[in-house]
Structures are given as C-alpha cells and as structure tokens.
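Taking the numbering used here, I'd label the letters of the sequence shown as residues 381 to 644.
Honestly, I wouldn't trust all of these hints.
[What the hints assert, rightly or not] No more than 35 Å apart at the CA atoms, straight line, and that leaves these computed lysine-lysine pairs for DSBU-like:
{"#": "1", "residue 1": "509", "residue 2": "639"}
{"#": "2", "residue 1": "437", "residue 2": "508"}
{"#": "3", "residue 1": "437", "residue 2": "634"}
{"#": "4", "residue 1": "546", "residue 2": "384"}
{"#": "5", "residue 1": "546", "residue 2": "634"}
{"#": "6", "residue 1": "398", "residue 2": "546"}
{"#": "7", "residue 1": "639", "residue 2": "384"}
{"#": "8", "residue 1": "398", "residue 2": "437"}
{"#": "9", "residue 1": "509", "residue 2": "546"}
{"#": "10", "residue 1": "639", "residue 2": "398"}
{"#": "11", "residue 1": "634", "residue 2": "509"}
{"#": "12", "residue 1": "508", "residue 2": "639"}
{"#": "13", "residue 1": "546", "residue 2": "639"}
{"#": "14", "residue 1": "398", "residue 2": "384"}
{"#": "15", "residue 1": "634", "residue 2": "384"}
{"#": "16", "residue 1": "509", "residue 2": "398"}
{"#": "17", "residue 1": "437", "residue 2": "509"}
{"#": "18", "residue 1": "398", "residue 2": "634"}
These are computed hints drawn from the structure, not numbers from a lab.
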Amino acid sequence: MTIKLYWHRGSGRDDPSKRNFGDFLSPLIVEAVAGRQVEYATLPSADMMAIGTILAKEPKAKRFGFKRRLHVWGSGCGQPGESFSGRHYYHAVRGGETRQRIEGGGAAPALGDPGLLSDILIDRPVAKKYRIGFVPHYVDQQLPEALAFLQSNPDVRFINVFDEPKSVLQQIASCDYVVSSSLHGLVVADSFGVPNVRVRLSQGIIDELKFDDYYSAFGIAAPLSVHSTELINFAAVIEARLQDYCRPGLDGVKGALLKSFPSI
C-alpha cells in the first residue's frame, strides 16, 4: 500500500531544478524506512508528514475543512507563537520546542529530525574528497560573503541545495568538515558524523527556533554559529573551531526515530 505523504515542495513543484534537497529528503527517507512506495499528497488527503518546518501548515488547512488525523514523524515548528492540534498521531517531532507546542500536553513523541537517517540512503563508507563543504541556504547562494568564501578558499566545495538529494548526501559525506546556513546541511552532516558549524548569512530570515528545536533532541543548546564576517578567514581555523564537535546520544536519537515510525 502506498503511503500518502505531505512535504513542502516550494518552487520545486513546477521546476525540478528548484527542489530543495532538505524538503525532498522526506519521501526518500520515509520510503526507505517503510519499505513501501511514497506519493505526494496535499494535507487534506495525506496520511503522514515527516521532514520539515511544516506543522504550521496544518492549522491553515483546517480552516478549509481539513479533518483528517495525520501521522506526524519528525516535523517541526518554525515560529514562537505556533501551537499544534493534539488530535493528530505524534510519533516523533523534531525537538522539544515542537513538543511543547502540541495542544493538550499529553503527547510524548520521540525527538529528532528524520534527516538524521540520511546515512541509510547511500552506500558506506564514503571516501573523503573535500576538506570543507559549504552548504548555503538557497537564499544565501549569491550573497557577497558566500561568493568571497568560495573564491578565496580552494579547499572549499560548494554544495548546491538544489542538486539531486542523494548527490547532496554523497557530497556532504565526502567532506572533512561542513559549514552550512541550511538546517538540513547540518542535519545530514550529523547523520554521517561530519563535524559541522552553522554560518549566519541572511539577516532577514527569522528561523532561530528551528535550530534550537533540532539541537534540543540531543539535550544541548544550539552550538555557537559563525558570523558571515568570520568566513573570510574561517577555512584556516576550522579544525580548532570544531575540535569539540559532539552530538550526544546521536545513535539513540536515530534508534528512537526508527522505532517510532508509524504503522500505517
């Protein structure tokens, strides 16, 4: 039986060259874990939602007559004022920030972003090819700071979030270190145990909560990020900056995600 999955498609709905790999990881990972085919479904007809900051879509759909109870596996919140209906089946959510926004307070889902299971999608071990992988969010790709970082550091590999998802995974796994302004650039690096750090580039994007939410699954505060002004010299000091890289309980988070996958 095919799983009807909702995920955010954005511009990739009509233009395959604009498919953000983090969003399009969702059907790949759900299909791999379930061992069943997955097809896209709108919220009113979906069985399930998984990867992404997409829970806020549900209240909007509800206003238009959405009455189904969704199976939620690893989805997350995006803004402080959000709250989510307790009527759904919460098997896992991205982190504690999301869990505390579930109405009713009775839900006790597993915590973790299913993107942490990306390592099941490609063959391992993966040979290292690049010293530093740079994964800018798509809105950051043409910023002067991002371009200067690439141009001044021959050891840096630009990883395009619009590349085919498994290609992005392969490239990230092939790096010694990853610098990313994309949340799922960091999540996938964690999946493969690649030390990583967030860089803040676009000042206009308000997305702190999703990072705090993600790291809460490990019981830690969001690690210190790198400011765009630090990028120009960052390649020279990345080893020192990441020498304390750690994601406590990573294997346990992965195991809990697998164990919590819904039977639908």
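Do the hints match the structure? See the list:
For the suggested pair residue 509 and residue 639, the alpha carbons sit about 33 Å apart, so the restraint of at most 35 Å is met. A distance of roughly 39 Å separates the Cα atoms of residue 437 and residue 508; the hinted pair therefore is violated under the 35 Å criterion. The straight-line distance between the Cα atoms of residue 437 and residue 634 is roughly 26 Å, inside the 35 Å bound, and the hint therefore holds. With a CA separation close to 21 Å, the supplied pair residue 546 and residue 384 stays within the 35 Å bound.
The straight-line distance between the Cα atoms of residue 546 and residue 634 is roughly 19 Å, inside the 35 Å bound, and the hint therefore holds. Between residue 398 and residue 546 the alpha-carbon distance is near 15 Å, which keeps this suggested pair within the 35 Å criterion. Note on residue 639 and residue 384: the hinted pairing holds, with a Cα-Cα distance of about 20 Å set against a maximum of 35 Å. A hinted pair counts as satisfied when its Cα atoms are at most 35 Å apart, and residue 398 with residue 437 qualifies at roughly 21 Å.
Between residue 509 and residue 546 the alpha-carbon distance is near 16 Å, which keeps this suggested pair within the 35 Å criterion. Between residue 639 and residue 398 the alpha-carbon distance is near 33 Å, which keeps this suggested pair within the 35 Å criterion. Pair hint residue 634 plus residue 509 holds up; C-alpha atoms about 26 Å apart against a cutoff of 35 Å. For the given pair, residue 508 sits about 31 Å from residue 639 by alpha-carbon distance, which is consistent with the 35 Å threshold.
Distance restraint check for residue 546 and residue 639: the Cα-Cα separation of roughly 24 Å lies within the 35 Å cut-off, and the hinted pair is therefore satisfied. With a C-alpha separation of about 22 Å, the suggested pairing of residue 398 with residue 384 holds against the 35 Å cut-off. For the suggested pair residue 634 and residue 384, the alpha carbons sit about 23 Å apart, so the restraint of at most 35 Å is met. At most 35 Å may separate the alpha-carbon atoms for a hinted pair to count; residue 509 and residue 398 meet this at roughly 26 Å.
At roughly 39 Å between alpha-carbon atoms, residue 437 and residue 509 are farther apart than 35 Å, so this suggested pair is violated. Using a Cα cut-off of 35 Å, the hinted pair residue 398 and residue 634 holds, with the two alpha carbons roughly 29 Å apart.
Hints 2, 17, counting from the list given before, are not met by this structure.
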